[in-house]
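Hey, can you work out the whole structure from these sequences and the hints?
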Amino acid sequence: MEEAVQVKHVWMLFNLSRKKEERIKEYVIDLLKGQLFFDRFWALRDISFTLEKGESFGIVGLNGSGKSTLLKTIAGILEPTSGSVAVQGVVAPLIELGGGFDPELTARENIFLTGSMHGLGRGLIREKYPSVIEFAELCGFEDVPVKNFSSGMRSRLGFAIATAIEPDVLIVDEVLSVGDARFREKCERRIQEIIGRGATVLFVSHSAGQVERICGRALWLDHGEMRLIGPAQEVCAAYQDFCKGKG
Amino acid sequence: MRQVIKDFEKYGYFLQELIRRDFHKKYYRSVLGILWTILNPLLMMGIITIVFSTLFERSIENYPVYYLCGILIFNFCKDASMQSLGALTANAGLMRKIYLPSYFFPLSKVALSLVNFLFSMIPLVLVALFTRAGLHWTFLLFPLPVLLAAGFTVGLSLALAAMAVYFRDLNHLYGLVTLAWTYLTPLFYPISIIPAQWMLLLRFNPMFYYVGIFRSLVYEGTLPPALDWVIAGLFSILTLSGGCLIFHALKKGFFLHL
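The listed protein sequences correspond, in order, to chains A and B.
Quick note on numbering: the first sequence equals residues 1 to 247 in the numbering used here.
Quick note on numbering: the second sequence equals residues 1001 to 1258 in the numbering used here.
To be clear, the hints were calculated from the coordinates, so they are not data collected in a lab.
Note that the structure is predicted; figures quoted are calculated from it, not measured.
Ideal Cβ placement from N, Cα and C applies to all residues, glycine included.
It is possible that some hints are incorrect.
To be verified - Derived pair list, reagent style DSSO-like, types lysine-lysine, alpha-carbon separation capped at 27 Å:
#	chain 1	residue 1	chain 2	residue 2
1	B	Lys1251	A	Lys128
2	A	Lys147	B	Lys1026
3	A	Lys128	B	Lys1010
4	B	Lys1025	A	Lys128
5	A	Lys53	B	Lys1006
6	B	Lys1006	A	Lys8
Said to hold, decoys possible - Below, a sample of chain B positions facing chain A; criterion: calculated Cβ distance under 8 Å:
#	residue
7	Val1004
8	Lys1006
9	Arg1021
10	Tyr1099
11	Leu1100
12	Tyr1174
This is the structure in structure tokens:
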């Protein structure tokens, strides 16, 4: 089997400034007072795993356990402090809730804009356009500015665009927690289809049930460390026990 | 450098879409739409001409063209750099979710300002013809100083955009800097009124050369001296490479500060 994603000993250090917004004024004042401190903390500690092509891999963990940070290093948004991440092929992060949309623009314009962010050309987007509109169930709303959309319509559009790209590695971060049950099912089916096509899927969710249904293997992150990695059922069961114990 | 070429190959269409989006937003909702780009310099020219032309009547003939030549190229640089200041912070949400070449955001602002500048060449030509000043053959060379000014502006915008991520109040400071800059560039007054001891200061102002070259090509119809070209070119190359270096150095910390 070919390797799609290779994460090797990734450590990620965050320097958190105690201030929310930095200003020159405050910087100068702090400098004079000799108070230029940062809070440091490790968001990821020595994460290593390998995903094979066509595998679907789930990541579970509590809030703040480093799930999103890990996905961002894989998506290339963040560079790890040490260690390396190697990805074969095109990575498409699913932007949650259609966060990349420009509310002033219409659905049609947003499809072209978002498609271009994923590195697609105009011709390719035009080709995929009808299927995106159809999947998002937005026929007749194509020329309505996205700010007038309901949150469900927005997330449907976001999902439809990201999955239309036919990526080699699809990153799904909590997106499936939105929309009604029927659309959620449709999304799950779409992800299964993408997996069937031979793409690798990285899936993050609070819901252990969803991870179990969709993924073959899973990783449980706890405070930036790998707590458990293995078959999805085992990991999810252990994670759920842990959550019950805490609750 | 190789990464830049790769970015343009993959995300070139994204850059186009960015520029189109800003353009669309700027003009779509207004009644006069794109006419504003043409009307705005004309109205500004009207006001400034009424205020200052009698003052400088003797030293500047055809004040409207003199003024337009200066202010158009100056505003191109000022608008682009001003908008670049907020270019990264405004798209912070996006940059946190998907990998995008971040320098495209300031770059799109420069491109948009350049498009605006080209549109505002229309009123300049109209005024030149209307005031019987006419156009000289040297007018055809006008893209050269614009290109030099664009190189300078890209460098400046990259540096400002990157620094604004770290210091959010940079825009207040820069507002003051551009105000001083407006007065330190001979835009609405003739160069002859500058006292000799201040002339040296003006020689360190890149805008002085871009405006000067543009003006001599379009307004005077003469070729600027070779030395001016050399200095202007040096300013452009230095600022452009400096801006790229600063942006590259600061890029790593963007994520923590956005």
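Against the structure, the hints come out as follows:
With a C-alpha separation of about 34 Å, the suggested pairing of B/Lys1251 with A/Lys128 is violated against the 27 Å cut-off. Restraint check for A/Lys147 and B/Lys1026: the C-alpha separation of about 17 Å stays at or below 27 Å, so the hint holds. Of the supplied pair hints, the one linking A/Lys128 and B/Lys1010 holds, its CA atoms being roughly 18 Å apart against a limit of 27 Å. Among the hinted pairs, B/Lys1025 with A/Lys128 is consistent with the structure: their alpha-carbon atoms are about 25 Å apart, no more than 27 Å.
Between A/Lys53 and B/Lys1006 the CA atoms are separated by roughly 25 Å; this keeps the pair inside 27 Å, and the hint holds. The suggested pairing of B/Lys1006 with A/Lys8 holds, with an alpha-carbon distance near 25 Å, which does not exceed 27 Å. At its closest, the beta carbon of B/Val1004 sits 15 Å from a beta carbon of chain A; the interface hint therefore is violated under the 8 Å criterion. A cut of 8 Å between beta carbons decides the hint on B/Lys1006: the least distance to chain A is about 10 Å, and the hint is violated.
Interface hint at B/Arg1021: satisfied, since its Cβ lies 6 Å from the closest Cβ of chain A, which is below the 8 Å cut-off. Annotation: interface hint on B/Tyr1099 holds; nearest CB of chain A at approximately 4 Å, less than 8 Å. Because the beta carbon of B/Leu1100 sits about 6 Å from the nearest beta carbon in chain A, less than 8 Å, this interface hint is met. Annotation: interface hint on B/Tyr1174 violated; nearest CB of chain A at approximately 11 Å, more than 8 Å.
Going through the hint list in order, the structure does not satisfy hints 1, 7, 8, 12.
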